[in-house]
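Peer 1: What follows is the residue order along each chain.
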Amino acid sequence: MALKLIANYSKRLGLPGYSSHQFSVSVETEITNVNDVAGEASRLYLTLQKSVDSEIQQTGFVPSEGYGTADVLEKGRGGHPSGGNGTSGNGIWKCSDKQKDLILKLMDEHSLAKADVQNLAREMFGASEVSGLNKLQASGLIDRLIEDNGGKPPRRGTTPRYSNGRSR
Amino acid sequence: MIALASPSKREARDVLDEPVSASRLTLFHSCRLKFFFRYVQRLVKPVSPALFVGQAVHHALQAWSNRRWKSQPCSDNDLWEAFDAQWTTAQGEMDEPIAWDDEEEQTQRGKAWTLVEHYLATTPIPTDEKPLAVEVGVEADLSDMGLPTLCGVIDLVRPGGVIVDFKTTATTPDGAMALHRHDLQLAAYSLLYREATGENETGIELHHLVKTKVPKLVVTRADPINQDQAARFLRSMVSYVEGVKREDWVPSPGIQCQACEYVGDCMKWSGGVE
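If you read the sequences in order, they're chains C and A.
For the first sequence, the numbering used here begins at 1 and goes up steadily by one.
For the second sequence, the numbering used here begins at 1 and goes up steadily by one.
Hints are computed from structural coordinates only; laboratory data are not their basis.
All residues carry an ideal CB built from backbone N, CA and C; glycine is no exception.
Treat the hints loosely; a few may be bogus.
Pair ranges (Cβ atoms, derived) [to be verified]: (1) Glu-11/A with Ser-24/C: 21 to 27 Å; (2) Asn-200/A with Asp-116/C: 47 to 53 Å; (3) Ala-41/C with Glu-242/A: 27 to 33 Å; (4) Asp-116/C with Val-250/A: 53 to 59 Å.
Same shape as in the complex, but just chain A:
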């Protein structure tokens, strides 16, 4: 007799009771076993230097947006202080600090700040432009469709209702492919924005900061989502619910495994049977 193994006390229904973010949904559709490790088993993994750098840059851009919103000074010098303080604070708050090699921390800190400086120098957003929202948490109750609550945190909403998402990346993104890759996230943010404001977004922008030797900023613009994108998103939500109910945890080996923090757990996975 084959029985499903239950290595975690958490069950599928616990996951289904929780709100769904775009990243949760995207992960489920890219690798269900990774989803299982992260959201069902809740296996905690140390933060990678690359993730830490991305978070530091993101935080600095958030501080920049907040300062513009509050009409506070937001020169490079003003932001450097916020960036530097956050870098130190974030390290102090870590349960398992990053094991930097020798001078790697200084190098990474310098690289992160260079990205921020480059963004400030080349951003299409005017310094005196006041945001509509910064790092704002929003939810949409989809229970009347038998779906979990959709939630998300929108990085920035520009005047007129343009949704902006900041990203750091190692390679220069291709516009159309970037929009396709982030389709679920963009649809989720659009639907959340509509739910929260009662209005349609007027556009979406992906601001990619590329970690090349000389940093680059690539801004990809998209129109408001259309009916087909909303339908795709909804179908993905339905598939998510059905897959979680079935406890359909299977790995999707591929190039993405190279950067997966659960690759060791994945290799040991017995197939969910005992």
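This is chain C alone, in the form it adopts within the complex:
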């Protein structure tokens, strides 16, 4: 009876710019004698290791120092498609689509006049238009609209709630 022997060799190497690359080779072979397992495994290991080592020397694209980090910093300067400095794909509004929808929903639910919300935005941020509020300002406006209309601003954070207390 034929015995199936499966071998896999994998290697992961670190690269600059917080990246790494990995390559693995797998083979499946058959042997007829169980006593051949050790010898065959040893042979396969050497073969696979050689193959992986030979190929993994080709690093391909390697990010330069600051790669990714620059993207993060750039986001804050409007470099991101939904960055705070420009529009965020929701017309002329500077906040996120989600924030815009929530502001409009709150206005609708509580029958808030546009002028009143506009005044609140002016009072809080000196903004002439609600649509001109950035994400930070829109978040503050939403909290105030909820609070002023009898609600409690949402509990935020990612920590599962303890028996009480705020979560983060």
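Knowing the structure of chain C, use the given hints to seat chain A on it.
Peer 2: Leaving out everything else, chain A in the frame of chain C:
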């Protein structure tokens, strides 16, 4: 055959789908097993008196900032009412109330209020200064870098874009060490602020209220984060993602275990194998 135990229905990928806050990231890098108990297994622990006091002080300072923002009266008396009401409400909302000893609650309430009073008397923030944001929730989508969404709640943003974080502590912090200890949090808030406003923060302030017999306020100021801090933060995020994917839950025994609410669970931990 050794198999990984799976005591929770939640898996690593569930955690990776969730936004990452600075506290989640910091916890992962300080003790992965504690992270596992809190965020994967979601083991609920009762609130400690110290945490409760910290939350009460924090809430009072939040009320103070909000009142300044709304141009409402914010004298000690005005704030006392808010503080007192919140103390009672918070206790009522607890699933498992704190088991105070005898008059300990009154003592702790008094200590907490003393901290608030001390802050109001010594804060560098003028009473008529209007904030840019108070307890504001912000997010940054980092999916284009293969990272989870970053989220956070910034305590206070002062005019001009100075990020403020309030802390209560039992010991007087050393400035440079405090900034280093909170490096991930400060970098996270800065990046979140930049994402939300399109502008760089102009500075960062840690306002530590020290719970000594005579309370102290220690304000530590820092410049806007630099490229190296952003790089460190990003590397920590990458490490977080890789560690969670590997389900790399290992304990990091140390002095911090003395105050860890999961120390009992940790001591019983079998190594994640069965």
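Peer 1: Does the structure break any of the earlier hints, and which numbers would those be?
Peer 2: Those not satisfied come down to hint 2.
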